[in-house]
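Q: In order, the protein sequence lines correspond to chains U, R, E and V.
Quick note: the first sequence uses this note's numbering, first residue 1, plus one each step.
Quick note: the second sequence uses this note's numbering, first residue 434, plus one each step.
Quick note: the third sequence uses this note's numbering, first residue 867, plus one each step.
Quick note: the fourth sequence uses this note's numbering, first residue 1300, plus one each step.
Calculated directly from the structure, the hints in this document are not laboratory data.
Don't take each hint at face value.
Said to hold, decoys possible - With a Cα cut of at most 25 Å, we get these calculated DMTMM-like pairs of lysine to aspartate or glutamate: (1) K189/U - D1620/V; (2) K1657/V - D1598/V; (3) K510/R - D1079/E; (4) K1358/V - E1340/V; (5) K1053/E - E615/R; (6) K1224/E - E480/R; (7) K654/R - E343/U; (8) K791/R - E1156/E; (9) K1282/E - E1516/V; (10) K1152/E - E913/E; (11) K791/R - D1213/E; (12) K495/R - E480/R; (13) K1087/E - D646/R; (14) K1715/V - D1079/E; (15) K1293/E - E480/R; (16) K1463/V - E343/U; (17) K622/R - E779/R; (18) K397/U - E480/R; (19) K639/R - E913/E; (20) K1025/E - D420/U; (21) K4/U - E1516/V; (22) K1376/V - E1319/V; (23) K77/U - D1512/V; (24) K416/U - E480/R; (25) K416/U - E677/R; (26) K911/E - E1156/E.
As the list claims (entries may be wrong) - Coverage of chain U stretches by chain R, computed from C-beta distances (three or more under 8 Å per stretch; other residues unrestricted): (27) 199-206; (28) 351-357.
It should be emphasised that the depicted structure is a prediction, and the values quoted were computed from it without experimental measurement.
All residues carry an ideal CB built from backbone N, CA and C; glycine is no exception.
Protein chains: 4
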Amino acid sequence: MTIKLVVIGGGSSYTPEIIEGIILRHHSFPVTEIVLVDIEEGNQKLEIVGQLAKRMIEKSNKPIKLSWTLDRKEALKQADFVSTQIRVGGLTARSKDERIPLQHGYIGQETNGAGGIFKALRTIPVLLELARDVHEICPQAWVINFTNPAGIVTEALLKHSPHKKVIGVCNIPYNMRYSTAEILNTKPKNVMIEFIGLNHYVFGRKVFVNGVDYTSEVLTKVSQGLDYSPANIVNLGWSKTFIEATSLLPNPYHQYYFQTAAVLKKDKQALEENGTRAEVVRRLEKSLFELYKNPDLCDKPKELEERGGAFYSDVACSLMDSIYNNKADIQTVNTLNKGAIPELPEDSVIEVNSVITKNGPQPITVGALPNSVKGHIYQMKAFEELVIRASITGHYKDAYLAMVMNPLIGDEVGSKTLLDALLEAHKDYLPQF
Amino acid sequence: MTIKLVVIGGGSSYTPEIIEGIILRHHSFPVTEIVLVDIEEGNQKLEIVGQLAKRMIEKSNKPIKLSWTLDRKEALKQADFVSTQIRVGGLTARSKDERIPLQHGYIGQETNGAGGIFKALRTIPVLLELARDVHEICPQAWVINFTNPAGIVTEALLKHSPHKKVIGVCNIPYNMRYSTAEILNTKPKNVMIEFIGLNHYVFGRKVFVNGVDYTSEVLTKVSQGLDYSPANIVNLGWSKTFIEATSLLPNPYHQYYFQTAAVLKKDKQALEENGTRAEVVRRLEKSLFELYKNPDLCDKPKELEERGGAFYSDVACSLMDSIYNNKADIQTVNTLNKGAIPELPEDSVIEVNSVITKNGPQPITVGALPNSVKGHIYQMKAFEELVIRASITGHYKDAYLAMVMNPLIGDEVGSKTLLDALLEAHKDYLPQF
Amino acid sequence: MTIKLVVIGGGSSYTPEIIEGIILRHHSFPVTEIVLVDIEEGNQKLEIVGQLAKRMIEKSNKPIKLSWTLDRKEALKQADFVSTQIRVGGLTARSKDERIPLQHGYIGQETNGAGGIFKALRTIPVLLELARDVHEICPQAWVINFTNPAGIVTEALLKHSPHKKVIGVCNIPYNMRYSTAEILNTKPKNVMIEFIGLNHYVFGRKVFVNGVDYTSEVLTKVSQGLDYSPANIVNLGWSKTFIEATSLLPNPYHQYYFQTAAVLKKDKQALEENGTRAEVVRRLEKSLFELYKNPDLCDKPKELEERGGAFYSDVACSLMDSIYNNKADIQTVNTLNKGAIPELPEDSVIEVNSVITKNGPQPITVGALPNSVKGHIYQMKAFEELVIRASITGHYKDAYLAMVMNPLIGDEVGSKTLLDALLEAHKDYLPQF
Amino acid sequence: MTIKLVVIGGGSSYTPEIIEGIILRHHSFPVTEIVLVDIEEGNQKLEIVGQLAKRMIEKSNKPIKLSWTLDRKEALKQADFVSTQIRVGGLTARSKDERIPLQHGYIGQETNGAGGIFKALRTIPVLLELARDVHEICPQAWVINFTNPAGIVTEALLKHSPHKKVIGVCNIPYNMRYSTAEILNTKPKNVMIEFIGLNHYVFGRKVFVNGVDYTSEVLTKVSQGLDYSPANIVNLGWSKTFIEATSLLPNPYHQYYFQTAAVLKKDKQALEENGTRAEVVRRLEKSLFELYKNPDLCDKPKELEERGGAFYSDVACSLMDSIYNNKADIQTVNTLNKGAIPELPEDSVIEVNSVITKNGPQPITVGALPNSVKGHIYQMKAFEELVIRASITGHYKDAYLAMVMNPLIGDEVGSKTLLDALLEAHKDYLPQF
C-alpha cells in the first residue's frame, strides 16, 4: 500500500509546513512518496525547499521517498493526492493586485476585492490545465486546493474541469475554532462551529463545546475585542451592536465589507510605511529562504509562522488523513452545496462542515440562511459566478461585470478605470483576454 | 352601479393630478364618488385642494360626487378603490431623511437609502392601520398604494395586514416606457418593456415596439446619453461599458448604487445651493397651493408637472380602469411574485408586468434573472425584508440590520451613528421603537 | 408582406379544419401561402386533401396560394408558421398502442398511458429532425405542435432541438372553456379559466365570467353530471365528493387516473363491440376521404366533427393570429414553465395561460400548486421526463423506467412484459432502440 | 449526573427489547432511571412487563431505578428521553386497518396504505398531546418516536407541536444495512448506505464497505433474490430489470407500490389462512405475555424476535447514546429535511443519514433525487402532508383527499366507500372527525 502526494507549487516557502504535517501524522496517514513540483521560474526556490524537506524527512526517520521536479506530468503518475499552492505571476503580481486598487481608492484585497478577481483570472486557467492533467494521468487522485481565492477556484474547477475530486481548503475556519477554543479555555478539538457561507465570507452561527452551546459567551467576548485573526490580517474589532444584531461570528475578512473605510485607511497607511502585504511577504520570504539554505536546519523554522498560513498544513493533512482512513469525521471544506444552503444553487461551492470519507466530503445541511446576511451571501456567490465566467471567456465585458458587481468596487466608471489598469498590469498572465 | 374612490392623503398637492385623470377617463371608468381624506394637520391644505377639485369637476360636467373629510372610517364606507399618497411627518420628516444622512456622509435618498428606511419605518404602521380599517369597513375595495418606498410598503401590507387586495404603483416603469417611446419616435402605447426586479431597482431587459425587439437600439441611445429621468432625479448618464456589459436598461434610481460617489457629491452641492429636495418641494408646494387657492382656477395647473410625479395619475387611473373593466391588459405593478422571478421568495413583492383583471394583477413570468444583476436584486429584496421586520417589531437591532445591510450604508460603525441620529430625529413618528 | 404556413402531415383528415380556420380569419390573419407536406405513404391522401383544400380556397375567393408536396425541405423555405399533425406509424400503430395494453390488463390510452409512451417514443425523433430542418431552413418560423402527447413532445423539442420557437397546443383547455360557457349560458370568449398543470393533466382552479368568479357554480354542475368531454372521450361523470374535496375542475383525461377500473372495463367492452378507438377512427377516416373526393365538395364536411378534434383549428389559428398581430391576449398553450408553477423545473413544459405576442407565449404565474394535486402533477412531470429521456437514448432501461413509473402501469413485472410486447410491435418505428 | 428515560406505551411486548438495550449499553450510556407509562386499558400488561423489566435489571446489577405508572405527567418530570411506542386502539384497530381495505380490494397496509392513513389519524392527536406535555413538563427531553407511520407522525409533531426535539426512528434502514452486511460477509458497522427518501419509502443509492463502493455487487445480489426483509414482511423478490433500471436498493415496503397485485393476492391468501398480521401478532403477543409472566424469566425471550421489530432497541439506544455522548456519528433518522433533498420542502421530515450530537440530528445532504424515483418520492411526501392535514382538521374532505391521492387507493369512488367504512369502524378513536 502506497500513498503518493504531489505538491504543485512545491517551491513555496510554505512547503516545510506540509512536510512537517506529513511527518507528524505518519502513524495514521503513512505517506510513502512526496513529489514537489514547480515551474522553471521557481527552480531555485524548489531546490532550496527540496533540500530542506529532504533533511526534515531524514531527521524524522520516516520511510518517505522525496523528490522534486519541473516535470508535472511525470510527477502526477500514480498520485493519490495533489495539493496546489501556486501563485501565478508570483509576489510581483500580488503586489500589483494590492497596490493598483489602492492607487484608485479601492481596497486591494488579494482574495475577494479587485486583487482577488485578478488572482482568480490568472489562476483558474492554470489550475484547469492541472485538473485536466490529473484527470488523465491520475484520475483516482484527490486535488486539495489551497490556492486563493479558494472558493472561487474550487467552483471553477468543479464546473469546468472533468475532474470532480477537488476539495478547497482554507485555514480561516480552523483559525476561528482555534481562537474560540482559546477564549473558552478549551481545546480546539472540543469546539464545533456551525459555519455558514462562502470562503472568506463565512460566518459562525453556533459555537458548541462538547455539544454544549456557547454561542452567546463567544459573541460577547468577540464584541469585547477578542482577536481571532490570522497573522496576515490586522483585526479592527467588532462593535457590540454589530455582533448583537447579527448574532453571528464574523470571520476576519468581513472587515473588508463592514469596515471598508477604516480598512482602506489602514491599508493606505501600511502601504506608506511598509509597502503592500506582498512586499512585506517578499522580505519575509527572502529571509525565510536564507534560513532554509542552512544545511544544519532540519526542522520547520519558527519564523515561518509569521508568514500567515498557520494551520494550513494541519487542515490539509487532517483532510487527507480522513479520506485515506474513511474517518467520517467532520471538517470544514469548500465543496458542492447540494442543498446544504437551500438559497444557493446546488452546484455552488460553499464553505461548509462536511462528513469526510474515502469518497470525499458530503456537506451537512445548513438550512435557511439567517435573514440578516442571506442577501450578502447570495450576492457574493453571484459575484463569484461572474468572476469564474470572466476567467473562462476572457471577455472584457464579463470582467467588467465582476468588478462593478463586487461590493468593494461597484462604481460604474471607477470599475472601468481600475479594470483597465489591472488588465494592462497583468496582461502577461491573462492569455485568455 | 357606483364607483367610489377614497383618496387617503387627499390634501396632497398631487390630488389635482388624480382628479384630472378621473375626469379624462370618465367615459370608460365612470367614478361616481370621490372622498378626499386627510388628518388634522392637513386640514387647511385639504380644504384648498378640495375646493379646487370641486371646481375641476364642475367644469368637467361629469356626474361625480365630491367631498372631503377628516373622518377616515366614515369615508371608507362602500369604497371600491382606496388610493394612498401619505407622507407621515410631512416634508419636515423628508427633509431630515435627506439632510441627516448627508451630514454623515451618506446619500439621503428618500426611497432605498437611509431616508427610505425611515420613511418605511414611519409609514408602514400607519398604512397597516388603514389596511385593517379597509378590511373591516370595505373589504371589497382595492388599495392602490402610491406611498414610497412603494415596493416595501406594499410587501409589508400584503404580509402583515388581513387585507390582500393591495397593489403598489410607481411612475418609474411608465416613465421608462415614455422616454423610450420618445427616443424611438413612437407612442408609449406601442412600447412594451420586459421589466425585472424591484420597485426603484427595476431593470428593463427587453424593449419591444409593436412586438419587434428594439432593445439594442435603446441601449445604444442610453449609452449615448439619453435622459429618461423623472423631474425629481438629475440623470448623470450611463457609460457605454456599463450598458453593454449588463445589456439592461437601468432605471433612474440605479445611479444611487452604481454612481454613489458622484451622486453624493451632486447631492451635497445641491444641498448647499437649494437645500434638500424636500426643501425644494416645500417651496414648490407653497407656490402650488397659492395657485390652487385661486377661485378662477378650474384645471390642474401646468406648474404641478415640475413636482416630479408625472404619470402617477395615469398609472393609477389606468390600473383602476382595467380592474373595473376586467381588461386583461398588461401593466407594471408591485405585486406578489408567485414564481415570476424564481430566485426570489414566492411571497415577495416585485415590480412586474402583470395581467390586470377584475381580480387584480397576475404577474407574467420573468424567468431566471440575468447573472449580471441577480446578486444585487436578491440582496435588495433581503434588505427590504429587514426594513419590514424592523417596522413591525420596533427593535433597535432590526433597524440596525436594515442600515448595515443596505448597500448605501453598510459600515458597521457608521450605521449605528446614523441610525441613532435618525431615530432621535423621527422619534415622534416611530411609536413602535 | 407575406405569411406562409406549412402543414406537416398535410394529408391528414383534419386538414380541412385548418383550411377553414385560415379562410375564416383571413381579414385579421391574411395567410398568403399554404403548403401541405406529407410522406410517401400518405401521398394518396395528400392528393385528395390537397384538391379539397384547393376547392375550399377557390370558393372563398381569398388570395391564398396553395400547394402540396413530399419535399419537406423545399416546403419549409420562407415559412412563417409550421404546424405539425403527424402520426408516426399511422392508425395501425395507434391500434397497437391501444390494443396491446388492453390485452395485458392496462389502459391503452394513446396519450399518457403505455400507448402514449410509445407514441412519444415513435414521434419525438421524427419531430426533432423536423425542428432541426426548421432551424436551418426557416429559423424565423414558429412551430405549432399539435402532435400528441403534445406536452411531452413539445418539451422534447424545446430541450433537445436548437429551435426554440415551438409551442404545443391542445384542444382540451378550449373545450373546457366552451363547455363551461355552455352550462353558464354565456359565450366562451367571456369565460376565463385559471388552468394549472400539464397537457392532459390540467385542472381548472378558477372559472371567471367577465372577471366574476363562477367557480363554485361550475363545480356544482360538474358534480351533478355536466359532460364537457370531447367527442373521443366518453365521460363517466365525477362524484360530488371528488369535486368538493379537490375544488378543482378536472379535464376529461383525469378519468384515466381516478376512475381507472371503470375506464378499463369500458375500454374492454368498447374493444369487443367496435374495436379500439384507432379502428373506429380508421372507419371514420375512410368515409371522410370518400366525402373529400367528391369534386363538388368545397367546404369542410360536417362529418369531420365526429372525428374528435373540435376546436383544434380554432386553437391553432387563434394562436398564429395573436403572434402575427402581437395581440398580447391570453391563450392556453404548452410552453416553458419559467417559474409559473414554482414546484416544477423552470425548463419544464406546462399547459398554462400565457400572454401571446409576436415573441410567442409568456406564461402568467400560477403560484403554488394546490396541496391536493401537487404530488400527482409533480409525478406526471417526472414521468414525462423519463419518456423524453427514453425517446432520446433508446435505452431499454429508460423505457422500462417510463413504464414502471407511470401511474397507470407501475407493476415491476407487468411493466416489463408490456414493454417487451410494445417494443416488438413497434420496432419498425423505433430505430433508436 | 442522571439520565431518565420515560417509555410511553411501556406495557408493549417490545419493552424487554429496550430494557435489554439499555442494560447492554450501560457502560457508555448510563441510564439512571426508567419509567414505563401506559394507559388504563394497558394496566395489566404494564404490570407484567414492569415485573419482567425489574427482574432483567436486577439480574444485570446495573444501578437503574425502574418504575411503572399510569400517571404520564408525573412520569415526565425531569425526563431526558421520552420514547413512544403506542398503538391507539390496540391490535383491534390494527386488525380493522388491515381487514377492511382487503374487503374492499385494497392493500391493508398498516403504514402507508389506507390502514396507515387511519393509524396516523388516530395517533397524531394523542402524540401531539404528549408533545405538549413534554414541552411543558420536561422541555429539555428528546422524544424518540417509534410509532408508525413514523415519518408522518414525526412531521406532524414537528409542524404542529411546540416541542421541536422530536426524532423519528425506524428499524428498516438498519435492517437494510444488516442484510447488506450479511451478503457481503462483513459487519454492519462497516457498511454505510446512502439513503434517500421517506420512511417506508426510502431507497439505498450507494452502499459502501469501509468507504469502498459495493453498490453494484449488492444490487446484483438483490436482483438474484437476496431477502433482506424484516420478519413482518414476506419478500417477493425484485426483478433484475427493476433493479438495473433504477440502480437503487429498494426497501421491503416498496413491494406495496411496485408489486401491488401480487401483494394483494398474498395478503388475501394470508388472511384466509392466518387472519391479518394484527391477528397473528395478537396470538404472538398472547404467548409472549405468558412467557413474560414467568417469575424465573430474567432475560428478553428469544421468541420476541419473531415479533418483527428486530433492531428497534439497537436503533433507539444507539441514537440516545450518541446524543448523550455528543458522538457526531452518523445514523439514519427521520428529521427535518433542511435542504438535504432539494426537491422536497425544507420543513418536510425525511429519512436521512444524519450527524447525531447532543443537539440532535443534522442531516447530511442527499442532493438531487434520481430522476427514476423523484416523482414517486415527491408524491408520497405530498400524500403525507394530506394525511397530517386531515389528522389536524378532522375534515371529511381532507381525509378523502388523503385516500384518493394515495397511490394504493386512488379511485375516486372506491376511496369514498373505503373511507366511510374506516371512519365508521374507528370512530371511537377519531374524536376530531
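Q: Which of the numbered hints are not met once you compare them with the structure shown?
A: Checked against the structure, the hints that fail are numbers 2, 4, 5, 6, 7, 8, 11, 13, 14, 15, 17, 18, 19, 20, 21, 24, 27 and 28, while the rest are satisfied.
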